[in-house]
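> Chain order of the listed sequences is B and R.
The first sequence begins at 186 in my numbering and counts up one residue at a time.
The second sequence begins at 186 in my numbering and counts up one residue at a time.
A couple of the hints might just be wrong.
Identical chains blur together in the list; that is why a pair holds if it fits in one copy or across any two.
[To be verified] No farther apart than 27 Å at their CA atoms in a straight line, the calculated lysine-lysine pairs in the DSS-like style are these: (1) LYS195 <-> LYS213; (2) LYS522 <-> LYS481; (3) LYS547 <-> LYS403; (4) LYS195 <-> LYS313.
Hint data in this document are derived by calculation from the structure and do not stem from the laboratory.
Keep in mind that this is a model prediction, so the values were computed, not measured.
Number of protein chains: 2
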Amino acid sequence: MDSVDEILIKKLPKNEVDKFNRIFFGRKDHSTLRLKDETKKASENDNFDVFGYSFDATKEQLRQPRVLRLGLVQHSIVLPTHKPITEQRTAIFHKVKKIIEIAASEGVKILCLQETWAMPFFLCTREKEKWSQFAESAQFGPSTMFLSELAKKHEMVIISPILEIDENATWWNTAVVINEKGHYLGKHRKNHLPSVGSFSETAYYSPGNTNHPVFDTKYAKIAINICYGRHHALNWLMFGLNGAEIVFNPAATISEFGESFWGIEARNAAIANGYFTCSINRVGTEEFNLNDKVIKRTYYGSSYVTAPNGIRTPMMSRQKDGLLTAEVDLNACRQVKDQWGFNMTSRLDMYAESLQNIVENKGDNQ
Amino acid sequence: MDSVDEILIKKLPKNEVDKFNRIFFGRKDHSTLRLKDETKKASENDNFDVFGYSFDATKEQLRQPRVLRLGLVQHSIVLPTHKPITEQRTAIFHKVKKIIEIAASEGVKILCLQETWAMPFFLCTREKEKWSQFAESAQFGPSTMFLSELAKKHEMVIISPILEIDENATWWNTAVVINEKGHYLGKHRKNHLPSVGSFSETAYYSPGNTNHPVFDTKYAKIAINICYGRHHALNWLMFGLNGAEIVFNPAATISEFGESFWGIEARNAAIANGYFTCSINRVGTEEFNLNDKVIKRTYYGSSYVTAPNGIRTPMMSRQKDGLLTAEVDLNACRQVKDQWGFNMTSRLDMYAESLQNIVENKGDNQ
């Protein structure tokens with residue numbers, strides 16, 4: 186099946202679609218961006234989807250609209266996982282470059298790639314040494330170098346989730362932010378690491394030590410909640426309290442692990458915190474030879490964007506590479522806060538105290 | 186339209202339903218409870234729906250299954266809102282009693298009613314004095330007296346969300362917990378109060394001062410997150426940290442205010458915190474005469490239950506009174522925590538510190 190949303194949109198009886206969309210997606214019609222003819226041609230030639238949607242905000246008297254286009258890229262790996270590392274990476278670079286060029290031509294100003302986008306997600310093998318050469322420097326590694334050029338060329342902010350190795354040979358699961366001049370702006374290291382089923386990330390790297398940075402880019406205040414961090418409400422909350430207008434959630438997740446959550450968590454976070462969320466998951470099947478066994482993992486894509494008022498785009502394909510562009514007006518963030526008041530009614534002082542009591546094993550003062 | 190879930194289940198092409206259900210609801214088939222013939226008759230005679238679903242847990246070696254049935258009741262008011270208060274309340278008592286008796290005959294052991302279940306939800310009128318006689322004592326008021334008898338008779342724990350007035354004539358939005366012996370066990374006062382659109386609850390009562398109590402009943406450890414509190418991730422979190430196995434969310438909410446969130450928030454909370462959530466919303470249209478105007482508010486029901494693994498039941502009707510019974514095995518809570526590890530990876534010490542910094546206006550140490 187390619188997409189649950191596709192079933193809904195295409196196969197529901199016509200007289201039910203409007204009502205269904207309003208309750209399910211939060212609005213009657215998806216507001217679709219008109220894409221260029223060249224974009225359609227390129228996507229057909231290179232076999233990736235391109236979808237575009239827009240989100241409105243109310244016109245204000247004192248602030249100009251702050252409209253910009255976001256880009257989410259989901260892609261499969263290109264070469265088999267036993268090929269030389271440089272070949273594997275170069276093949277991915279080649280594929281992703283084409284998609285970024287299209288994004289640029291469609292006016293995307295902030296773009297985010299999937300978790301550890303430049304390598305297969307080998308964390309299911311439980312092998313470490315064999316794969317260590319995929320780890321790279323956040324500031325000077327090949328992924329950052331490659332994307333910096335594209336960022337500068339297109340005046341685009343790019344978020345590059347990589348496997349980082351630092352000066353001490355410690356690994357981290359890291360999102361690098363490259364600004365619109367092609368400069369390294371900073372990084373965030375994944376705060377919450379899963380040990381779920383065959384994925385045991387704590388065997389590879391440590392929980393992040395960068396807290397909850399928000400990057401004040403030319404276009405928007407952005408943050409990154411990496412993969413499993415989406416299960417943690419406090420992670421989402423802190424990015425919001427630190428000022429994020431958009432939080433990206435680059436992921437690598439398979440259907441057996443909670444595909445039914447995928448449409449829930451980032452959307453809940455957008456609503457609760459009054460910001461846009463952008464969920465990105467890799468696609469395709471990855472095979473690993475492990476002694477006598479072959480391990481296969483299939484990622485279900487389904488990238489999507491949610492606005493602060495809970496309206497979300499349809500999800501991308503479960504199988505196919507693709508670019509999702511979303512035109513957003515950042516003024517929506519404050520407008521939704523004014524409407525709903527979750528920020529005003531948050532009672533953070535109570536929770537700071539309660540959490541401290543829990544941490545000190547004193548129990549909450551019920 | 187009666188229910189979005191009904192559209193999905195009944196109108197999707199047959200060959201897509203299984204796949205759709207797995208991704209959307211979290212499992213292929215809804216596991217339906219067989220209800221008694223008398224139940225069906227009663228529901229037809231008195232024009233309310235009864236649905237039953239069950240959730241499994243894995244059999245364990247050292248713990249017996251802890252299986253019990255929960256009951257969620259959604260109902261409309263009975264008499265016009267200008268009628269004498271006692272008449273209005275008695276008519277609701279009469280209707281709800283029938284539903285509770287059916288719940289008892291189906292083996293329900295913990296039952297929860299909707300927010301301020303024994304009155305019209307007049308908070309949209311912005312009038313206060315006129316309605317003040319609906320406020321009642323948590324421990325000795327008519328709602329508690331009425332339900333205590335039923336609780337004792339059926340050895341049923343009942344959660345009774347009321348409009349409370351205390352000795353100081355202060356109002357609170359309160360959930361009373363009555364135990365299986367018919368005794369008042371305690372209460373929780375709504376932590377987060379909306380001032381959204383025409384609903385300005387802060388004009389009526391104060392934010393709760395009872396923190397996040399979990400009630401250790403004969404059948405399960407339960408808590409209540411009242412209505413607008415569902416938008417606050419920290420509210421859900423604290424009930425979980427304090428040990429809740431089931432959190433009820435009694436509500437009174439209209440379609441114009443985020444019906445598209447309704448299926449998201451309580452479900453997200455169940456996943457994030459490893460407990461069952463039970464969402465209950467009133468139904469029907471309520472009319473209020475306000476000077477020369479008539480104000481109407483229509484509630485969309487749609488009550489549902491979510492398991493800690495994110496599987497949820499279909500939602501009840503958007504229009505009709507009803508009882509939703511769910512058979513749960515509380516062992517699922519720990520099993521899901523063992524599988525997903527969100528509790529183990531929560532890093533609460535980091536967040537206690539970050540929140541304290543925010544509260545003290547020091548900013549998070551990014």
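> None of the hints should be skipped; say for each whether it holds.
Structure-based check of all given hints:
1. Both within a single protomer and between protomers do LYS195 and LYS213 lie at most 27 Å apart by alpha-carbon distance, with minima of 14 Å and 21 Å respectively.
2. In this homomeric assembly, LYS522 and LYS481 come within 27 Å of each other (Cα to Cα) only across copies, at 26 Å, whereas the closest approach inside a single copy is 44 Å.
3. Taking CA atoms no more than 27 Å apart as the test, LYS547 paired with LYS403 passes between copies only; the shortest distance there is 25 Å, against 45 Å inside one copy.
4. Taking identical chains as interchangeable, the C-alpha atoms of LYS195 and LYS313 are never at most 27 Å apart, the minima being 44 Å within one chain and 49 Å between chains.
Taken one by one, the earlier hints fail for this structure only at number 4.
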